[in-house]
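Enquirer: One-letter residues, chain by chain:
There are 2 protein chains.
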Amino acid sequence: MTTTTSRDVQLAKRPVGMPNNDDFQVIEAAVAAPTAGQIQVRNLCMSVDPYMRGRMVDRKSYVPPFQIGETLTGGCIGVVEASEHADFKVGDHVESMYGWREAYTEDAAGITNLGAKLDAPASAYLGVLGMPGMTAYVGLLGAAELKDGETVFVSGAAGAVGSIVGQIAKLKGCHVLGSAGNPEKVALLTDELGFDYGFDYHNADLVAQLREGAPKGLDVYFDNVGAEHLQAALMCMRQFGRVALCGAIAQYNDTEPRPGPNNLAMAIGLGLTLRGFIVSHYDHMRADFRREMTGWVTSGEIKYRETTFDGIDKAGEAFKGLFTGANTGKMIVNI
Amino acid sequence: MTTTTSRDVQLAKRPVGMPNNDDFQVIEAAVAAPTAGQIQVRNLCMSVDPYMRGRMVDRKSYVPPFQIGETLTGGCIGVVEASEHADFKVGDHVESMYGWREAYTEDAAGITNLGAKLDAPASAYLGVLGMPGMTAYVGLLGAAELKDGETVFVSGAAGAVGSIVGQIAKLKGCHVLGSAGNPEKVALLTDELGFDYGFDYHNADLVAQLREGAPKGLDVYFDNVGAEHLQAALMCMRQFGRVALCGAIAQYNDTEPRPGPNNLAMAIGLGLTLRGFIVSHYDHMRADFRREMTGWVTSGEIKYRETTFDGIDKAGEAFKGLFTGANTGKMIVNI
Chain A
-10 MTTTTSRDVQ
0 LAKRPVGMPN
10 NDDFQVIEAA
20 VAAPTAGQIQ
30 VRNLCMSVDP
40 YMRGRMVDRK
50 SYVPPFQIGE
60 TLTGGCIGVV
70 EASEHADFKV
80 GDHVESMYGW
90 REAYTEDAAG
100 ITNLGAKLDA
110 PASAYLGVLG
120 MPGMTAYVGL
130 LGAAELKDGE
140 TVFVSGAAGA
150 VGSIVGQIAK
160 LKGCHVLGSA
170 GNPEKVALLT
180 DELGFDYGFD
190 YHNADLVAQL
200 REGAPKGLDV
210 YFDNVGAEHL
220 QAALMCMRQF
230 GRVALCGAIA
240 QYNDTEPRPG
250 PNNLAMAIGL
260 GLTLRGFIVS
270 HYDHMRADFR
280 REMTGWVTSG
290 EIKYRETTFD
300 GIDKAGEAFK
310 GLFTGANTGK
320 MIVNI
Chain B
-10 MTTTTSRDVQ
0 LAKRPVGMPN
10 NDDFQVIEAA
20 VAAPTAGQIQ
30 VRNLCMSVDP
40 YMRGRMVDRK
50 SYVPPFQIGE
60 TLTGGCIGVV
70 EASEHADFKV
80 GDHVESMYGW
90 REAYTEDAAG
100 ITNLGAKLDA
110 PASAYLGVLG
120 MPGMTAYVGL
130 LGAAELKDGE
140 TVFVSGAAGA
150 VGSIVGQIAK
160 LKGCHVLGSA
170 GNPEKVALLT
180 DELGFDYGFD
190 YHNADLVAQL
200 REGAPKGLDV
210 YFDNVGAEHL
220 QAALMCMRQF
230 GRVALCGAIA
240 QYNDTEPRPG
250 PNNLAMAIGL
260 GLTLRGFIVS
270 HYDHMRADFR
280 REMTGWVTSG
290 EIKYRETTFD
300 GIDKAGEAFK
310 GLFTGANTGK
320 MIVNI
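Read top to bottom, the protein sequences are chains A and B.
Residue numbers are given in my numbering: position 14 of the first sequence equals residue 3, and the series is strictly consecutive.
Residue numbers are given in my numbering: position 232 of the second sequence equals residue 221, and the series is strictly consecutive.
Because the hints were derived from the structure by calculation, they are not lab data.
Worth double-checking, as some hints may not be accurate.
The list treats identical chains as interchangeable, and a pair is accepted whether it falls inside one copy or across any two copies.
[As the list claims (entries may be wrong)] Straight-line distance between alpha carbons at most 30 Å, and here's what the computed BS3-like set of lysine-lysine pairs gives:
#1 LYS159 with LYS136
#2 LYS205 with LYS49
#3 LYS161 with LYS49
#4 LYS136 with LYS49
Fair warning: this is a prediction, and the values are worked out from it, not measured in the lab.
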C-alpha cells in the first residue's frame, strides 16, 4: 500500500523578526505513484535548522530564498514505500532534502540510500551523523585548523553543532569552553559532555567569563552566535588565533543590519584569522567525517542530545524554538 | 669630528583625536662618544608611519606605548660618524629604530649595516625596500595568499604600502583596483603605477565604484583603511575571497571604539577569510622580499613616490599629514 496524500508545511508569509506560528501553513498534497527512476518515501523525522531563517527572507544568500505557497525543504530521513529505481528497495532508509512534509515521490537522484538497517537511530542522521555534525567537524578541523591541545571556545555550545564541536575538541586534547542559554544546558556541558568550563551567557560579562575559563586566552573561537559573543571572543584571542564563523543566530531575526564587532582591528596586531564557512565548502572531508564520527558515536566517545516535537503540524513551532533556546542538542520533528 | 648634540622629538602630551603640532616638543640632547660595542650615527632621514598613532595612546597594543617626555622612536637611515664596533666603519649607512632625532650613540646590536654604498637612495630603505614595502609584499603574498590573475582591491592605494601592493599584484597578472583621496592621486594610480581602475573615495559610493571596476567581484581586498572601506569591500567579495587586514587609518584617531562592518556574516556563505597581520609575523619572508623587491626597483618594474618634509622640527607636522592625505607614497623627513 502506498501513501496517497501528505501534509506539507509551507511559508504562509515571510517572518519579520522572530518567526510566528502564522508564518506557516499546513496543506494537504497528493503523492503520486512513482514512475521510472522515482521513489516514494514516507518521512520518519525532519530537521529544523537555524540557516533556514535566512532562506525565509527574499534576498540573495548562499541558498536561494523559500517561496511563499511552496512546500519548504530541509533535511529528513524516511523509508521507501515504493520504488521504480534499481538502487532503492522498499524498506530502505533514505536521507534527502524533501523535509517539511509527511511523504513524497521524487527522482532518486540526489537522495541518499542509508540501507535497510541503520547504525544509529534515524534522527542521528539529521544531527551528529548529518549536516550539523559535519559542520562541527569541518569547521573545527578545516576552517579553524585546530591543533591538538589548544584552547577552544564555542558559543551555542548546547546546540546541535556546538555540542559536537566541544566534544571533538576534547578528543583532540584541547581545553574547551562553552556558552549556553540556561543553567541546565551549562550543567550538560561540564557534567556530561566533558567541557572544561561552561557559562550562561544571559546577564553575563562575556569577557570576564572567558578570562576566568581561559586565563591565557583563546586559540580558537567557533562562532555560532555572532554579535556580542564575537566581540568578546576577539578581546580574548591569543596571537595567531583563528575564528571559525559558522553562524550568527543572535542576528538572524534582525530586521536591520547590525554593526559588527568594534574591535576587529585587534586582528591586525595579533595576526588573527577569521574564516567563514558552510558545510558544502568542505565536501572533500565528507568521507573522513563519516568514518570518524560513526566511530566516535558508536563507541560512546561522542554523545548527542535531541529535542523532539511530534507531528508535522509542530514544525513551525519547533523552528521558532531554535531562536528561543527551546532545544538542547539537535531539534527534531518526528513525523 | 663627532656630533655632540642632537635635536630630538618627544611626545609633549598624548594626542586626542587628530594629532596637533603642540602634541610634540623638540629638545636638545647630548650625544656621548661611543664606548665599546657602540656606534655614533648622524641620521639622514626618518620615517613617519600610521602605526605610530597607536603607540601614542596609553593602552596595550602589539608594540608598547610611547612615553611622554621620552624621545620617540621609528625607522631611520643614518651614517656612522664614530664606531667602537668591528662590523661598523665610519661612513657606513645604517638602518635603525632610533628615529625622531638628529643623531645618537647606541649599542650596535639591533642596528643594520647597509654598507658604505647603497643600491638606492637612503630614503628608499624606509619605504619600498623597508617596512612599508615588506608589509605590501607579505600581506599580499602571505596573509592574502594571492594567486596569479586574481582581482585585487587595495585602499589607500597612493600611500607607501598601497602603491606597492597594487604594483606587485600587477606583476602577478592581477586585475587591480585602488582607492585614493584626491584626483591627482587617482591619476597616479592609473597613469603611472599601472592600476586598472582607480577612484577617489571622497563622496563616492564605494560599492558602486567597486562594482564598476570589478563587475565579477573581488578575490582579494588589502585593507589599509578599515571602516566604510572594509564594509564596502565585503559586499563585493567573491567566494573564497581573502581580506588582508593591514591597517585602519580611518579609525586611528577615533576617541571611541567604532562599530565593525555590518555585513561580516557574508563571510559565512562565501567562505571568506579575513586575516590580520603585521610585518614581523612574516620575518621568514624577509630574504625573498629583499631579493625580489630590490630587483623590481632597480629594473624600474616597481616605482615609488615620496613626500618629504625638511628638518627634524617638521616631524610632527609630517606625522599629522599622514591622516590628512598630505602624502603621496612614503612620507619622509629629511634631517
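Enquirer: Hints first: check each against the structure and report whether it holds.
Expert: Hints, verified against the model:
Proximity of LYS159 to LYS136 under the C-alpha cut-off of 30 Å is restricted to the intra-copy arrangement: shortest distance 11 Å within a copy versus 36 Å between copies. Only between protomers do LYS205 and LYS49 lie at most 30 Å apart by alpha-carbon distance; the minimum there is 16 Å, versus 40 Å within a single protomer. In this assembly of identical chains, the alpha carbons of LYS161 and LYS49 never lie at most 30 Å apart, being 37 Å within a copy and 32 Å across copies at closest. Taking the shortest Cα distances, LYS136 and LYS49 sit within 30 Å of each other only across copies (27 Å), while inside one copy they are farther apart (35 Å).
Going through the hint list in order, the structure does not satisfy hint 3, though it satisfies all others.
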